[in-house]
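If you read the protein sequences in the order shown, they are chains A and L. If you use this note's numbering, the first sequence corresponds to residues 1 to 380, in order. If you use this note's numbering, the second sequence corresponds to residues 1001 to 1380, in order.
Mixed in with the good hints there might be a few duds.
[Said to hold, decoys possible] Below, simulated SDA-like cross-link-like pairs (lysine to any residue); rule was C-alpha separation at most 25 Å, straight line:
1) A/K8 x L/E1033
2) A/K55 x L/K1352
3) A/K7 x L/E1070
4) L/K1008 x A/P73
5) L/K1184 x L/F1247
6) A/K8 x L/K1184
7) L/K1008 x A/D66
8) A/K109 x L/R1037
9) A/K7 x L/D1066
10) L/K1060 x A/Q337
11) A/K328 x L/Q1053
12) A/K55 x L/Y1335
13) A/K301 x A/Y186
14) L/K1339 x A/C52
[Unchecked claim] Only part of the chain A face toward chain L is listed, based on derived beta-carbon distances under 10 Å:
15) L6
16) N11
17) D23
18) R36
19) C49
20) V262
21) E336
22) K340
[Claimed, not checked] Label pairs and their calculated CB-CB ranges:
23) L/E1181 x A/K109: 51 to 59 Å
24) L/K1013 x A/K184: 41 to 49 Å
25) A/K55 x L/K1301: 29 to 37 Å
26) L/G1156 x A/K55: 30 to 38 Å
27) A/I239 x L/W1290: 49 to 57 Å
Simulated from the structure, these hints should not be mistaken for laboratory data. What you are looking at is a predicted structure, and each value in this text was computed from that prediction instead of being measured. Beta carbons are placed, not taken as given, at the ideal position from N, Cα and C, and that holds for glycine.
There are 2 protein chains.
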Amino acid sequence: MFNNSLKKFINRKRETKGMINIDPLQAGGILTEEARRALIEWGDGFSVCDFCQGKLEEIKNPPIYDFIRETLPKFIGADVVCLTNGAREGKFMITHALAKSGDFIIIDKNAHYTTYVAAERAGLKIKEISNSGYPEFKIDVNKYEEAINEIQSEKGHMVLILLTWPDGNYGNLSDAKKLAEIAKKYNIPFLLNTAYAIGRMPVNMNELGADFVIASGHKSMASSGPIGFIGMKKKWEEIIMKKSQYFKKKEIENLGCAARGVSIMTLMASFPNVVERIKDWPNQVKKAQWFSEEMEKLGIKQLGEKSHQHDLMFFESEKLHQISQKHKRGAYFLYEQLKKNNIWGIKPGLTKNFKLSTFATTKEELEKVLKTFEDILKEN
Amino acid sequence: MFNNSLKKFINRKRETKGMINIDPLQAGGILTEEARRALIEWGDGFSVCDFCQGKLEEIKNPPIYDFIRETLPKFIGADVVCLTNGAREGKFMITHALAKSGDFIIIDKNAHYTTYVAAERAGLKIKEISNSGYPEFKIDVNKYEEAINEIQSEKGHMVLILLTWPDGNYGNLSDAKKLAEIAKKYNIPFLLNTAYAIGRMPVNMNELGADFVIASGHKSMASSGPIGFIGMKKKWEEIIMKKSQYFKKKEIENLGCAARGVSIMTLMASFPNVVERIKDWPNQVKKAQWFSEEMEKLGIKQLGEKSHQHDLMFFESEKLHQISQKHKRGAYFLYEQLKKNNIWGIKPGLTKNFKLSTFATTKEELEKVLKTFEDILKEN
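Construct the complete structure from the given sequences, taking the supplied hints into account.
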C-alpha cells in the first residue's frame, strides 16, 4: 500500500521492551495498565476536547477539572496547579512571566540543562551556586544567601531562586526548607524543580515553603509525554496564569492550553496508582541504599549524598574504565554486556561514571544487575 | 485497591466513540491503525529516548532523524523542519526568536486565537488585516501592503507577516502566493499557518514562497497530541534553532527538545497514510462543495469563500435559530438531536452559526447528516 521508502516509519518495535530498566529518565515513566487503556481510548488528536468549553483545565468530562483544580493541588500541597507540556516548559513559563530582560536567577550547579536553557530563553542572567565537588557534590543552601548579598551589592534584581530537588545527576536532596526561609527573608520567589520527586516520593509544597514546584508526568508519574504541571501559591496565580488581553478565558503563558492531548489522560489514569506507590517511598530509599552498598562491595563507588535518600544514583568505577581501555569493544563494552544480560539504562560509551535508578526494579532484578556487574568485573 | 474518590480518574470511556465526526478540530486527527499500534508500543514516558545521544531530532532508532531531517522537509517543500509541541508553540517559537518587544506582527483578522496569544506572549504589537465581512469574510492580501506602508510611515518595525491558511472559522484559502511577493518586496519574513492544511491537502512551502509554515500533528496529521512542527527556509535556521550558550547541542527556543514522547511515534506511524490521503484532496474538495450545496438546498447558508476549497465550512441558519427560541431544550436542541442521531461535532448551544468539517466522513455518512438536518427542520 505504501511507498517503500516510507515503510520504515510504521510498525517500529521497541527493542528494549521487557528488559530490566535502570534508566533514571525512564524508571518513573513506565505506564500503568490503566494508562495503557487510556492511550487506546483517548489516542485520537483532540479527543479530550470533546466537551471543552474553551479551557482544557475546566473540562468536566473526562474529569480534568477535578484532577487539576482539586485533586492535584491537595496531592502536592499547592494552592493552584496549571498544566504544562513538561517540566522545562513549566520553568520557562515561570521565568518568562516573572522576568524582565537582564534580571538574575540563582540556581544550583546541579540543575538540569533545561533550567539553564529556560532562563536563557527568558533573557535572565544566571548565578550558579557551586556544589561541594567530589565525592558528594552537595549543595549548601547557605551559599544562596551569599549570592543574594553579592547581587544586591551590585544593584542587580533577582526574580527567582531555583533548587533542583533532587538533582538529576547525583540524586541529592538539598535542604529545601532552609532555602525557603532564605528566600522568604529576602522576598524572592522560590521554585523547587521536583521533576524527579513528585510521583516518586511525597512532596508537599506548602510544608517545604516553596512558591512554586514543577513536576514531570513522563519522568515520574507513569504518564506518556510530554506533560507536566506547575504547583504554586495563590498569590502567583494572577502573574503566571495571566489572561490574554484579546481572549478573556485564555492564558498567555500556556498559549491557551498546554498538554491538549492523550498525555493528560494517561497522567490521570495512572494517578491513583501513583498515590499508592509514593506510600512505599521509605522502602524505595532502603532498596537504593542496599543497592549502593552492594555496588561498593564490588568496588564501584557511589558518589553524591550518603546515606543516599533517592533512587537516582551516580557511580564511579576506575576498574570498569581500565577494562574499557583494553577491551576490543572499547568504551561500549559495558553497555553491550549489560544489554546482553537484559539490563537497560546505562548510556553507551560510559564506564567510569554512570547514573542509574532503582525505582522501577525489584530487589530480585537488582540482584541480577549486581551479579552481572560482578561477572563483568571478574571476566575482564 | 484505590481510594474511592480517585476511581473516577480510571477507565474513562470516550462517549463519542463510533459517532459520525464532523468536528473540524477532530476530523484530521483521528488515528490510523498504525498510529494506534505505535501508541501501545511506545507509550511509556521517555521511550523514544532509548537511543538518544542528546537531541530528539537526531535519534536514528526509531528513525526520527530520517523523518524530521529528510522526509518531512521534502514532503512540505521546506529546507529545514523542527519539531514543536504544536502549532501554537511553533508560532511562539518564531515570534519569540524574531521579536524585540514593541515590534509589529501583521496578521489576518481570521487568525486563530493562539496567533494573538503567541504574539502577545512575545511582546509584539498586532496589526490586523480586516476581512471582507459577511458573507464571505475574505482576506484581500493587498491590504497587507497598505498596513506595511502605514507602519513604515510611523517608523514602526515589522518582524513578521502571518496568514492563516486556511483559517479555522470559514476555511478560506487566501492568496498566499501574492502575499509572499508582497513580503519579499518589503523584506519581511512570511509565516503561513497551515495547521488545517498540512496533512489534509498538498502544501509546498517553497512554491508558495513562504519563509515559514507551521503544522499540527493532532489537528491534521492523524497523530496523538500535542505535536507539530515548523518548516522554514535555510536562512532562518540559525535564528529559530539557535543553540544555547551553555549547551552546544541544545536549542534555546525548543528548550532542548520539544515533543519528546509518544506523539512523535504516532505522527511518524501515520505519515505514510497521510502521504496517500492528500492525493485524494481534489475529491475531498468536491465532497465539501457537494455538501455545501445540499445544505443550501435545506436553507442552511454556507458562509466563507465559494466555491469552497476546503473541508472546513461555516454555516448560518436563521431557521434553526428560530426553532431554538421556542424549543424546550433551547439552544441545546440542535446539539442534542444530532447526538441522538449519532452525529458529533457541532458545539452545544450553537444553532444560528456553526462550523463543521467533511474531512473524516464518507459521502454516505454525510447523506445521513443532511437527512438529519432535514428532519430536524421539518419536525420542529
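We went through each hint and held it up to the structure:
no., hint, verdict
1, A/K8 x L/E1033, "16 Å, holds"
2, A/K55 x L/K1352, "23 Å, holds"
3, A/K7 x L/E1070, "14 Å, holds"
4, L/K1008 x A/P73, "17 Å, holds"
5, L/K1184 x L/F1247, "34 Å, violated"
6, A/K8 x L/K1184, "38 Å, violated"
7, L/K1008 x A/D66, "9 Å, holds"
8, A/K109 x L/R1037, "41 Å, violated"
9, A/K7 x L/D1066, "12 Å, holds"
10, L/K1060 x A/Q337, "22 Å, holds"
11, A/K328 x L/Q1053, "22 Å, holds"
12, A/K55 x L/Y1335, "20 Å, holds"
13, A/K301 x A/Y186, "39 Å, violated"
14, L/K1339 x A/C52, "16 Å, holds"
15, L6, "4 Å, holds"
16, N11, "7 Å, holds"
17, D23, "8 Å, holds"
18, R36, "6 Å, holds"
19, C49, "6 Å, holds"
20, V262, "5 Å, holds"
21, E336, "13 Å, violated"
22, K340, "16 Å, violated"
23, L/E1181 x A/K109: 51 to 59 Å, "52 Å, holds"
24, L/K1013 x A/K184: 41 to 49 Å, "47 Å, holds"
25, A/K55 x L/K1301: 29 to 37 Å, "31 Å, holds"
26, L/G1156 x A/K55: 30 to 38 Å, "33 Å, holds"
27, A/I239 x L/W1290: 49 to 57 Å, "51 Å, holds"
Going down the numbered hints, you'll see the structure goes against 5, 6, 8, 13, 21, 22, while the others check out.
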